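Each chain, letter by letter, is given below.
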Amino acid sequence: MSQKKYWQGFGEINNDPEKYQKQVQDEFREELPFSDMDDKGLLDAKAPRRDFLKYLGFSTAAATLAASCKTPVRKAIPFANKPENIIPGEAKYYATTYVQDGDVIPVVAKVRDGRPIKIEPNDLSTFTGGGTTARAQASVLDLYDTNRLRFPQRKVGNKFEESTYEFIDKAIGDALGTAGNIVLLTSTITSPSTKEIITGFLNKYPGSRHVQADAVSYSGMLLANEASGFGRKLPTYHFAAAKVIVSLGADFLNTWLSPLEFAAGYTKGRKIDEKDPQMSKHYQFEGHLSPTGATADERFTHRPSETGSVALALLNALNGTAPAVGNNNKLNAGIKKAADDLKANSGAALVVCGSNDVNVQIIVNAINNAIGAYGTTIDWNKAVNYRQGIDKDLVDLVADMDSGKIGALLISGANPAYTYFDGEVVNGKWVTKFEKALAKVKTTVSFAGMMDETSVLCGFVLPTHHYLESWGDAEPKTGYTSFLQPTIYPLFKTRPFQTSLLKWTGATDDYDTYFKNYWTGKLGGDQAFEKALQDGVIEPGGQAGTIGKALTDTLQAIAAPIVSAGSGSYNGGNVGTATTAITSAAAANKPGDEVVLYEKASIGSGMGATNPWLQELPDSISKASWDNYAMISMSKAKELLGLDLYYNTEDEANSKAIDYKYYPQKPVIRLSVAGKGDIDLPVLVIPGMNPNTIAVAVGYGRHEALGKTASGVGKNVYHFAAFNGTTINYTNAVTVTDQKRKEKIAQMQIQNSYEGRVEVVRETTLATCKKDPTAISDYRKELAEDYARSTNDFRKEATLYPHHEQPGIKWGMVVDMNACYGCGACVVACHAENNVPVVGKSEVLRYHDMHWLRIDRYFVTDEKNPDDLKGVVFQPMLCQHCDNAPCENVCPVAATNHSSEGINQMAYNRCIGTRYCANNCPYKVRRFNWADYTGADSFPNNQDQQLVGRLDPVVHQMNDELTRMVLNPDVTVRSRGVMEKCSFCVQRTQAAKLQAKKDGRPLKDGEAKTACQQACAGDAIVFGNVHDSNSQVSQVRRDNTQRSFYVIEQIHTLPNVTYLAKVRNTEEIIEPKHHRKPAEHGEHGAGSAKPEEAHHH
Amino acid sequence: MEVQSFSASSMTQFEGSITAAEIDAVLKYVDGWQPPTPPPSDPNSAKTEGNQNAVIFGVISLILAIIMLILMQINSNLKKLSDDAEGIGRPEPVPFYRNKIYIAMVALLFFVVAGYFFAQAAIGLQRQKDYQPKQPIYYSHKVHAGINQISCLYCHGNAWDSKTAAIPSVNVCMNCHKTITSYEKGPKLHDEDGNEINGTAEIAKLHKYAGFDPKQPDAWDPSKAKEIEWTKIHNLPDHVFFSHAQHIRAGKVQCQTCHGEITGMDEVKQFSELSMGWCVNCHRQTKVDFDYRDSTGATKGNKFYSLYEKFHKDLQPDTLKNKHGEYILDDNGNYTIRKPKMDSVTVKDIGGLECQKCHY
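Protein chains in written order, with this note's numbering: chain X, 1 to 1097; chain B, 1 to 360.
Looking at chain B on its own, in the form it has when it is part of the complex:
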């Protein structure tokens, strides 16, 4: 990664004094620090709440419907009684289950409900949120990116330049695993079914692909390495153009925004829905790096957006003038300032919702 793209600044000097006890306390704190346990991330919690509401509404609707039916039945009986009393002869009323109006209503209801679920199911086809296939090597992102805090871009550096993030090649793995040949210190690893995984054996699998013998590290010939056939988790349809570089480099989006808390995942699973609605929602909300608030005129944001003169203007507060071109002063003699027309520019504003930004 380009270190130079971050401004090089020296560390500020500490000018106070620290006692040994304080240092010990800090060290003790650091040693004893446990990452805060995240709140039990039960993805169903929100859903259950919604479900509960649905159940309540459903029950109420059902009760009301039954009451309505009873009332209609009473009404019809009463009518019959009054007809009998008045001596008007009417044919026997048809029972409700043969009443055409009822049948039509039930059929309609069924059609709407079934249609809704059918459409939902059809839209959800080929979506694979929570997809977590078994991979040829049990590779734990938690161990690498979480515990050992390896930057995402160390392995997936391609994402910085290209549309694909790319799975690292064997030689990238071997940069470290030439020396790290066993898994000892980390937490115990388990697969989806709860079986314990032997980390050292998994590293040995990598070594097999690489053609590397830990006992004879100097004899290793990297050109003999074989490709690893991973199972692809995140799949977009062919008619979608998605660029990692656009999002992480130009848009400065964190990997975790779309891929979830990857540092906590042993085996990776698909965190996001990767549906168009999901994309579009983010494009509606995400602000673009316009940097319109700099009063000195210097732009700190992405200079590409200097093209959008209209937005830059709309983002500035406006000093109002009258039709003669004179400033409008209020009673206190101050200029009348109009609030900026826009307070931020979102991806949507620069065309992020247009078809041909992603489909071409």
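Bound-form chain X, shown alone:
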């Protein structure tokens, strides 16, 4: 039987003794910036003793001067009239809705002293499962973006000039009156009140029309559903009800359609009850490795252009025809197996497909009909209202603009100058057809928060509110209404685009008034309106919230009929045509390389590119930040670049491979698509990719007017998409060539190595769970037998250290690796909650990233063949708050020590920066402030590190007075030279305890939640008091004894974070690996033979 191997970077696969071991020896892999001490003697060295003494003297004197001299006089300015419900120093929470980039997520904004500082999930919303996404978490930072537009502008000549709303209203009002054909181009509008305003506007100007266009389109599905008899709609998918899930290239846990909702539902089917282990079965067929594919139980790869053939083969296999896609036996066997499973679970099965091809989606509809998904896992009564754009509409609009038929174009939320597929290369630069056509439109108006690619081209730019400054509503799906309310007074001279439309329609109300009237009218009064705002959502079957059950029902009854309800039924339309089309396309399909465009969970369609938190969030698969790149397979790397990343050979190829493995410089390849120009991108080799697939993320390469965070980062690849006359397909045939040069990619995690200790990640299969339930928990017994022979108590006996007493609370955490899909919402939530600094690409390149919580990604491959990916395990890794913490023992100043609540605490103002603790931490979760990332030092300009390189502009942007408004005032901003790490959100536990003390009652379970726990869509993180036997964390620990493990348990650090092993739903039986002699416990796992002492230092 083949052995599995868990690894993070290619260097680890074969553990090249010379290079790799030397590399991983140091946590921070760089030379110290000191000149070499040669034999010339101290006085002749570059920094001789006298200079050293001079520096010492100067710095002491300077520090004394800076620290003392004069105590500043501080002012305290109270309110002139304190609002009744505001308590300075206490946070307020307002329900609102994150509406951006096609996502609609009901959230709660934490507002501290008038500033929104954190986004939290709205637990009253049923479909989000009480979670958020990384982008929703990061959106609060967008509010304070220094690059936001601050006033209305109009173009005079080639330059923008500040203007006033009075002037613009007049100018545009006049222009619209004579414009003739007016087109309102927006992203999908989910707001019922806005829809009404748009209707009013269109009625006022005859000949005008409204075009919806989304950056990443779903029109293939919309049109297919129309052809199948459901109308031009998208349904609600119930992943929770599906026992078998087949995804044909849909990254539904991270980016596809409504990932938060799907992740919440999917999790329900993936949670395991130990007494009766059951879980859903997930098949993934895809070209590149997506985070959803990484989570799948069984995964098969094919070229992106073969998606249609796979779908067709699956449909035929359901009818008994043996699949024959290409000559790929493995793929065909997979299709057969998936079909058998789907058939066996008819009525509890679901097939989703990420293709934007109408024919493919028609086949998928036929499959879903055949497996009884309609009415069970696919709900047409709750059609969704997001992502309604039709590609053809935009193409027609561009043609009309080009022919001069359009008199005025008003653009809101859409950015075709950046995302449009068609265009040409002019002077080596890609210019979209939209841009050219826009020049022929007389009046162009852009409503935008920032100066994006399209706004730059428009005649008028009207800045809009951030959603946290706005009134508004959204109806993500039929019957589910969600409200927006302002959490801060608009920071700049911005105006909602609805107000502009109302003004230009001739209405006197602004949108705020209109919105209030609209809803008080619908809900029947101010009181109901206020309650609806307080709850933030009105949902069928939702929790009553403050509204009360009766009122909820009333509101529901009124709210429901706003959108067109109802559903069609499957009529089997166009299956024959689709089959013919797919078959003939497959026949015409030439072998060759294909590029597939995908969205990252962080950047999305490009809206996240301006957000420093999202840029710094490493991609869950590649672990790269601040870039897009071409993901290629190992075999493609070997063929194209001569990179043999597995075998150690004594030739040139091997030295290339070593360079690739250990240095951030990655080879650059040129991607050429016929008629669309070339793009040069560095490569990252990813296991489990289809050999002919090259995957590149969209959303990068933004315009310089968007600021330094977004511009200059990566390349825009939207135009590599292909239009087939109906829809845009995000794949295309591509030619790749080696450019014989290199570019740096800032990857994280690869610097740390667990040096082959197998006890870090635990994975098992459902079959193993059933057959050998104690396979994992037996390890603890073994440890007790080995190290605690007299008392059998591994915890107490196997140690030299004293036992820590916890008389009251003991905080603990459980992380379910089965519910972690690597989306990164927790990482961003941690950034926002704990003022974790952004360090920029140059610092990430030096492994100076500051994430308190990271999601470690382990590739699971066959030991003999690393390209044979068996899965990926995501492991959120944070401070384990060890009861026997190795970091505590080595701190010379006791800056890190243990609290009576089981928290490994870190006193920043005590830390002198020896970094011994980080060195001694087996989990590598301590992060050091190498530079003054936060501007917290006493010395100004201390952020310019002349000696070791300047910090990126983004660091300075994060320290702008405006951006600093996002800081959490309850958490210290750390300065240079200080170690920091996860604190179990101590400010939250302290606040919860204080509230309980104030009320004179015991602490309730769930009152103190960590930011990561709150953000998680899959409820993978549970936190609480483990001394309370009724707390959720105690219950989860009790109910999951078989899957529980601690990371590197045998070194007896006694972590307070329990992990639950990842379970894959396969039939494979995993033989326990760790049944070894005690003497071997400290050694490497399979695949490496060096004893760990060899590289301890």
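Bear in mind the hints are in silico, worked out from the structure with no lab data behind them. Quantities reported herein were computed from a predicted structural model and do not represent experimental measurements. Do not rely on the hints blindly, as some may be mistaken.
Here are the simulated lysine-lysine pairs, DSS-like style, with alpha carbons at most 27 Å apart [unchecked claim]:
#	chain 1	residue 1	chain 2	residue 2
1	B	Lys310	X	Lys92
2	X	Lys159	X	Lys493
3	X	Lys998	B	Lys348
4	X	Lys92	B	Lys323
5	B	Lys323	X	Lys796
6	X	Lys82	B	Lys232
7	X	Lys493	B	Lys208
8	X	Lys744	X	Lys715
9	X	Lys744	X	Lys924
10	B	Lys252	X	Lys1004
11	B	Lys178	X	Lys82
12	X	Lys271	X	Lys337
13	X	Lys82	B	Lys205
14	B	Lys303	X	Lys92
15	B	Lys208	X	Lys82
16	B	Lys80	X	Lys998
17	X	Lys243	X	Lys195
18	B	Lys226	X	Lys82
19	B	Lys232	B	Lys178
20	X	Lys590	X	Lys336
21	B	Lys178	X	Lys1004
22	B	Lys303	X	Lys1009
Given the structure of chain X, go ahead and fit chain B onto it with the hints provided.
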């Protein structure tokens, strides 16, 4: 403030009889009552005593040192004489001021003493005990909280709920000063330098901030009020988390414990050092509202602390049992009672000295 949080009980009835003369006597006493003059609060008194001791010790040390030097000199002279007598030729002894041992000792002494004072001065940087800045309005806490006995929480109600006590907004001041427009009855007010302050003029300053004209009180528009820029007296470093609500509501600490006899201060000055040592000392001594002595089992203390089962157990006297689980009886047949392991629970015991209780 929440009145309901105090138990509502009716006043006990007086069932005796009081003569008119007695009532007159009581009234006379009340009218004539003067608050007891506090003992001259000379903050230097304790210090002087310490200083005196230091001087005495210093003088004694100096005398001893001189005696030691003289004796050493005599010793060396005697040695020289005896050497001369015995005919041993030795080089001339170096004078003491060039003796390396002496120089080293003096240098060491200087280093220790100077280092001590340097360290003390460095630790004391940015501490501003007794800081008493001039404020935009001469606001007398003595007049408000002392003489007129306004509760601290009337103006600083924020302290009950939040980490900051907050300076009251102008509208809170105007609650009273809409009608109180002059300062007449109270004692004369003086600033730090002894200049007399016109109280009515200070109230007029407030009215100016509030945009209030005492002659036309009905025309006042509170929304036109302007913020008052006070000078902040009590400053904690950014890396300290301090919550007023924690201390006054959960901990039931009096405001005066940290802010001093505020009811006697005209202009407020910083009473406490606000140093970490000062915080920690209080955390060591202060007992937590555990209410462990209730025999009925009902807890009157803060129920939050019911979490601390171990301490509740340790606070109870224990009836001892032998290893068979039987009660140990003494000769008189009484149970053997062991004293409770703890007699009280201090803030320290529940983790009040841990770094991350205040620094995060």
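Report task. Starting from the hint list further up, note which numbers the structure goes against and sort them upward. Result -> The structure breaks hints 1, 4, 7, 16, 17, 21; every other hint is satisfied.
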